[in-house]
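**Q** All chains, please: the whole structure from these sequences, using the hints.
Here the protein sequences line up with chains A and B, keeping their order.
Read in this note's numbering, the first sequence has 294 at position 294, and its numbers run on one by one without any break.
Read in this note's numbering, the second sequence has 163 at position 163, and its numbers run on one by one without any break.
In short, the hints are calculated from the structure, not lab data.
All of these numbers come straight from a predicted model, not from anything done at the bench.
Heads up, the beta-carbon is just placed ideally off N, CA and C, and yes, glycines get one too.
One or more hints might be untrue.
[Stated by the list, open to error] Some chain A residues near chain B, calculated using beta-carbon distances under 10 Å:
#, residue
1, PRO57
2, PHE62
3, ILE75
4, ALA160
5, SER171
6, TRP174
7, THR211
8, GLY318
[Claimed, not checked] What the simulated footprint calls covered on chain A by chain B, stretch by stretch (three residues with Cβ under 8 Å from a Cβ of chain B suffice, anywhere in the stretch; the number is not a length):
#, segment
9, 128 to 138
10, 145 to 157
11, 161 to 170
12, 268 to 281
13, 286 to 299
[Claimed, not checked] Listed below are several chain A residues computed to face chain B (Cβ distance under 7 Å; list not exhaustive):
#, residue
14, LEU51
15, LEU55
16, PRO69
17, GLY311
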Amino acid sequence: MSYMYVIPDRLKPVFGSTKGGINITMHLASTNDTLRRSNYLIKYIKRKKYLYLLLIPCIAYFIIFHYVPMYGVIIAFKDFKFSKGIIKSPWIGLDNFLFMFNSRDFHKVFLNSIILSTLRILFNFPAPIVLAIILNEIRHDKYKRICQTIVYLPHFISWAVIGSMIINFLSPTWGVVNYILKSLNFEPIAFMGKKEYFRTIVVLSNIWKETGWGTILYLAAISNINIELFEASIVDGANRWHRIVYVLLPSIRGTIIALLILNIGRMMTNGFEQIFILQNSMNLDVSEVFETFTYRIGLLSGRFSFATAVGLFTSSIGMILLVISNKLARLFGEEGIY
Amino acid sequence: MKKEYIRLNELIKLIELIEYKNGVLVAVKKIKIGSLGVDIILYVVVGLFALACLYPFVYVLSSSITPYEDYLKAPMSIIPRNVILDAYYSVLSFPLIQSGYKVTVFVTILGTFINLLLLITSAYPLSKKDLKGRRIILGFIIFTMFFNGGLIPNYYLVRSLKLLNSVWALILPGAISPFNLILMKSFISQIPDSLEESAVIDGANEIRILANIIIPLSTPAIATFALFHAVGHWNSFFSAVIYLNKRSSWPLMLVLRELVIENAVFEVGQIGVDLTVVTPFTIKMATIAVAIIPIMLVYPFLQRFFMKGLLLGAIKG
Numbered sequence: 001m002s003y004m005y006v007i008p009d010r011l012k013p014v015f016g017s018t019k020g021g022i023n024i025t026m027h028l029a030s031t032n033d034t035l036r037r038s039n040y041l042i043k044y045i046k047r048k049k050y051l052y053l054l055l056i057p058c059i060a061y062f063i064i065f066h067y068v069p070m071y072g073v074i075i076a077f078k079d080f081k082f083s084k085g086i087i088k089s090p091w092i093g094l095d096n097f098l099f100m101f102n103s104r105d106f107h108k109v110f111l112n113s114i115i116l117s118t119l120r121i122l123f124n125f126p127a128p129i130v131l132a133i134i135l136n137e138i139r140h141d142k143y144k145r146i147c148q149t150i151v152y153l154p155h156f157i158s159w160a161v162i163g164s165m166i167i168n169f170l171s172p173t174w175g176v177v178n179y180i181l182k183s184l185n186f187e188p189i190a191f192m193g194k195k196e197y198f199r200t201i202v203v204l205s206n207i208w209k210e211t212g213w214g215t216i217l218y219l220a221a222i223s224n225i226n227i228e229l230f231e232a233s234i235v236d237g238a239n240r241w242h243r244i245v246y247v248l249l250p251s252i253r254g255t256i257i258a259l260l261i262l263n264i265g266r267m268m269t270n271g272f273e274q275i276f277i278l279q280n281s282m283n284l285d286v287s288e289v290f291e292t293f294t295y296r297i298g299l300l301s302g303r304f305s306f307a308t309a310v311g312l313f314t315s316s317i318g319m320i321l322l323v324i325s326n327k328l329a330r331l332f333g334e335e336g337i338y
Numbered sequence: 001m002k003k004e005y006i007r008l009n010e011l012i013k014l015i016e017l018i019e020y021k022n023g024v025l026v027a028v029k030k031i032k033i034g035s036l037g038v039d040i041i042l043y044v045v046v047g048l049f050a051l052a053c054l055y056p057f058v059y060v061l062s063s064s065i066t067p068y069e070d071y072l073k074a075p076m077s078i079i080p081r082n083v084i085l086d087a088y089y090s091v092l093s094f095p096l097i098q099s100g101y102k103v104t105v106f107v108t109i110l111g112t113f114i115n116l117l118l119l120i121t122s123a124y125p126l127s128k129k130d131l132k133g134r135r136i137i138l139g140f141i142i143f144t145m146f147f148n149g150g151l152i153p154n155y156y157l158v159r160s161l162k163l164l165n166s167v168w169a170l171i172l173p174g175a176i177s178p179f180n181l182i183l184m185k186s187f188i189s190q191i192p193d194s195l196e197e198s199a200v201i202d203g204a205n206e207i208r209i210l211a212n213i214i215i216p217l218s219t220p221a222i223a224t225f226a227l228f229h230a231v232g233h234w235n236s237f238f239s240a241v242i243y244l245n246k247r248s249s250w251p252l253m254l255v256l257r258e259l260v261i262e263n264a265v266f267e268v269g270q271i272g273v274d275l276t277v278v279t280p281f282t283i284k285m286a287t288i289a290v291a292i293i294p295i296m297l298v299y300p301f302l303q304r305f306f307m308k309g310l311l312l313g314a315i316k317g
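**A** Next comes the structure, spelled out in structure tokens:
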């Protein structure tokens, strides 16, 4: 135990007993240290003042536009009125959440959101992997480049444009899709007016818009694979299918899993713009998802606290899903996203 | 026995396998990679998907200049037999389209400028690995990518800042994209320190280093982010739905939605356009075309940047 009391000469107490003195010296030493440290820090900041000055707008932006709204989630626990402001509005505890869990609208919205995002993970998540693998098999450089350039294009077009195109192409009076149906002797269908087509339209339009762009990350991962792996496998008699299943897919597994985790973390969100643009009064039953629901009840009906509670619920669940899926991935020996 | 292989022309999909025995060449085998049949199928699949991605745009452009009777005769056709530009005249003279265009162009230019200014000035200090407090600030930024206050607190904030119904509501709340900031930060940190050190010896401070060394060296990245931010501003309408309720302050995308989806296209007819000559359908197509033509014009530049893999390099870093 004695080594604990060995202290350097310069720190030895000038008065008092050994044992009592230690506390004093420790105390003195630590104040000296903080003093020295804060002096050093001030000097350091002075030396790097331009770098810190450059960071001020950035920090101010994140505080104002991200952390202040995070503080604003306490609206969910208050009976919030714009006239009273956040602080003066009375607390109501978990009333909004209790109301939310008992609300049939909420159940419907929850179900719609989950169904749509599950469909996304089933169809929209694998689509870019498949396209990237096919693109990788194409050896003709020019053909490949032209195709890539074209399939990336829809990503840069607004949902407002794409929604307008979809609605016109599917129109029963002048739409090209119904023209084809009619020429095949089928009855024209009002696709946008029937709620059973809504989910298909959302999934397909999303595949059309984002599959090409989604290949970018996978193609980058594929280009990182050592070409000798492929060559060795060919020499060992692997055919195209073997190469894809035993060499290519295992090599890009990390990328696939990282993107899957992010997708699972986004289970509660479906993107406001796409749904909002394709939504109408006829398909509201299946098209109302969390984003459009919070907009409708919050900004259109003015039930701010309830809408905030719904928003807080979805972002918390999203965060929890992200953490859990990342934990699971790490449990199975994958890298995960953090 | 030692085996060596040589890749031949990738197009004909052969590799040459050379076998040595005790240093003496014993055999040259040619191995075929994959069958031609499957290859053709894959080429066709990719080609069809690319066509499907392009066709709707060409279709919109062509039907916006085709007379409606011609369109009804052959709706699938993309080559117009007669060309009329009347729909464009009426669309471009419609006040809502004009104001929408003005708002969108303004927001795109000013917004992109502010995005880039903040992106560069914030990414540079964060790229300094030895800067004290850097990790804390980065953590503070990254956290916002995973959790946000949600719609109502954001709306309340914008309302309290008196930004409702102002174009600033479309610019300020998204002034820094945390994701792009991280990418830009890793791009700048790839610039060799030795370049900066010589400037430090010459007595330059960090602002001058940023202006004279870092910015010139990261022009390709800055150009990429400029194009991405500009396209983002051009396309987005979520903030406009939330924060703007006066039609005259709406950006183009919201005007497009109002005209084409909410069928306000008939208002175009009220300003002296004969809707029997120029039908609502043709006007709708012309409205869509007006909204996508600028993107089509910048796309060739845009695609040059990401095809070079510039962004990918940044993502990997």
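**Q** Failing hints, ascending?
**A** none
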